[in-house]
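Number of protein chains: 2
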Amino acid sequence: MKPITLKDISEKLGISVTTVSKALKGYPDVSKKTRALVKELAETLNYKPNAFAVNLRTEESKTIGLIIPEIVHHFFSSVIKGIISQAEKKGYLVIILQSNESYDLEKKQLDLLVSKRVDGILISLANGTADFKHITDIMDQGKPIVMFDKIAKIVKCSKVIIDDRKAAYTATQHLIDTGCKRIAHFRGPLLPQNSIDRFLGYKKALEDNGMTYDPSLVYIFDDMTFEVGEMFARKILSEHTDVDGIFVNTDLVAIGAITEFNRQGVNIPKDISIVGFSNWFMSSAITPSLTTINQPGFEMGKMAFKQLYRELKAKKKKKQITPKIIELETNLVQRNSTRS
Amino acid sequence: MKPITLKDISEKLGISVTTVSKALKGYPDVSKKTRALVKELAETLNYKPNAFAVNLRTEESKTIGLIIPEIVHHFFSSVIKGIISQAEKKGYLVIILQSNESYDLEKKQLDLLVSKRVDGILISLANGTADFKHITDIMDQGKPIVMFDKIAKIVKCSKVIIDDRKAAYTATQHLIDTGCKRIAHFRGPLLPQNSIDRFLGYKKALEDNGMTYDPSLVYIFDDMTFEVGEMFARKILSEHTDVDGIFVNTDLVAIGAITEFNRQGVNIPKDISIVGFSNWFMSSAITPSLTTINQPGFEMGKMAFKQLYRELKAKKKKKQITPKIIELETNLVQRNSTRS
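Same order as they appear, the protein sequences are chains L and Z. Numbering of the first sequence is given in the UniProt record's numbering, commencing with residue 1 and proceeding in unit increments. Numbering of the second sequence is given in the UniProt record's numbering, commencing with residue 1 and proceeding in unit increments.
If you are wondering where the hints come from, they were derived from the structure by calculation, not from laboratory data. A couple of the hints might just be wrong.
One copy or any two copies: either way a pair holds, since identical chains are not told apart in the list.
[As the list claims (entries may be wrong)] Below, computed lysine-lysine pairings styled on DSS-like, alpha-carbon distance capped at 25 angstroms:
(1) K116 x K90
(2) K116 x K62
(3) K39 x K133
(4) K166 x K324
Let's have the full structure, built from the sequences with the hints guiding it.
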């Protein structure tokens, strides 16, 4: 069975397509009787208005695009859930693309979304993205973009973020407060702003507490995997036997490290204390459970869509959009990978 | 800056919109020189064809819909990743909706996707779905649907599945082979086919090994959470002290149970052995690591899109579609929550 069209209805009733269309929209120049008749038949036949035709008229697709570095990731999947739950409430659909942390892919996907005429775009940048022309080009076309989590400070769009520097400072301070004297940092990749800010928060906490910052204790890695955590745990044991605390920039890597330390008979938190970042679900399930920074993914997704929605409404009313920075609160979740 | 239209190009070059359109499509009735000129200008101005207009003409949106019960879920997020990676290769975009395991929401979302004129739909059913008219209605309209993981046997569409019964049999047989005499089953919700099949596989393995099936050892629950696992672990310890093996229908619940058993000083696998289902990432990170059935999520997503794509191509050629059942292989991953 092919979808029912206005023409089908008009033929069945022996009236013009225009009359059918007007009747469905409730125009008063069609008689009340005809309107009722058309509506009833449309319902019986399960008529659905053609979305593309509607779109051409309103210049709205009621669809937004979302580009995210990685879907199989507790934090990002929480963000996605927050976005689509909020979008659905406002009648928007969400097209999701994964950049795999690649700048080239991110650029291609942005173009694709624009060519598909999405109304706006939500994006968390790939680790590889250092140039932002592909984003500002789209903003110049008047298409609203909101960044979240992995943002570029230099781009003048709205952003939903946390204070990574402050959160990292809190995490490091907690290690110091619970007696750690020599604290390493598993920092993650070089480029993204959140990686830089977490590193700076770590460094500042050391300095404020009169501890020497030692660059050889900062481990850089591109792949934020469980295996990387295992590898760096082994490195710490061979290169820096005096390390008694580690601030890791993401839970997954911290969990890899804990697993390896357990294997090597290192007592956590007595020999080495560990703090993670993100509060992935599994952080509460491993042994010992992981002390970490709680990063509100679902909330971040919700707020990102809400801001985009405000901008879409403003655009419709031809109002100027003033970019907004929305900062969400984080907190330290104390568990058993640090001393009390 | 508004998006560039064919009209903008035609005005700049002083030629008709039709000529511009034909030039961009490379029609030979436009001179080679004009074609080159138009293409060059279109490129300079960053012209993008209007996707909606294209859609009206081809009756294709190059967009598919995906309805999934829950996004923050290792298995389903792997499936999503498989789907969008494959869709992107073929130039399709994916709109993702989450049914929250609710039949009503699933129904509403299917209607929404159809009204948005997606070309086809991929769906994993909500636990609450027992009636399938909302799905067969859409199939009757000639819109291809492919089900995966949580399917309805009665609906005559293509499906990508695993053999849940066989996998559950293997899991239970492994408990028996490693010495378990009294095996409980954390079964999950009543309705979905995979829950039924896993239960049947468990029961059959007991019977084939001459062990008595005891309904009081089968625990039913609607929410597949970590907390449910903790709760049932406590129940086992108070209600059935003779239980020495548990087959749990999903890893997350098994991990909750392990955490509670650890807390209560129960030795896994010596006192109680546990087998999960799905092979979530964290199953390898907890202590003891979880023996489980590996369920290929990414592969399932890929195959589901591939089948949908075959059906979209067949539909375009006005060929009949014969529904296909694609069964993927599973395997037992032996770790430390069972004896060797």
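Hints, verified against the model:
When the C-alpha separation of K116 and K90 is checked against a cutoff of 25 angstroms, the pair qualifies both within a copy, at 20 angstroms, and between copies, at 15 angstroms. Both within a single protomer and between protomers do K116 and K62 lie at most 25 angstroms apart by alpha-carbon distance, with minima of 12 angstroms and 9 angstroms respectively. Within a single copy, K39 and K133 get their C-alpha atoms only as close as 49 angstroms, which misses the 25 angstroms cut-off; across copies the closest is 23 angstroms, which meets it. Within a single copy, K166 and K324 get their C-alpha atoms as close as 20 angstroms, which meets the 25 angstroms cut-off; across copies the closest is 54 angstroms, which misses it.
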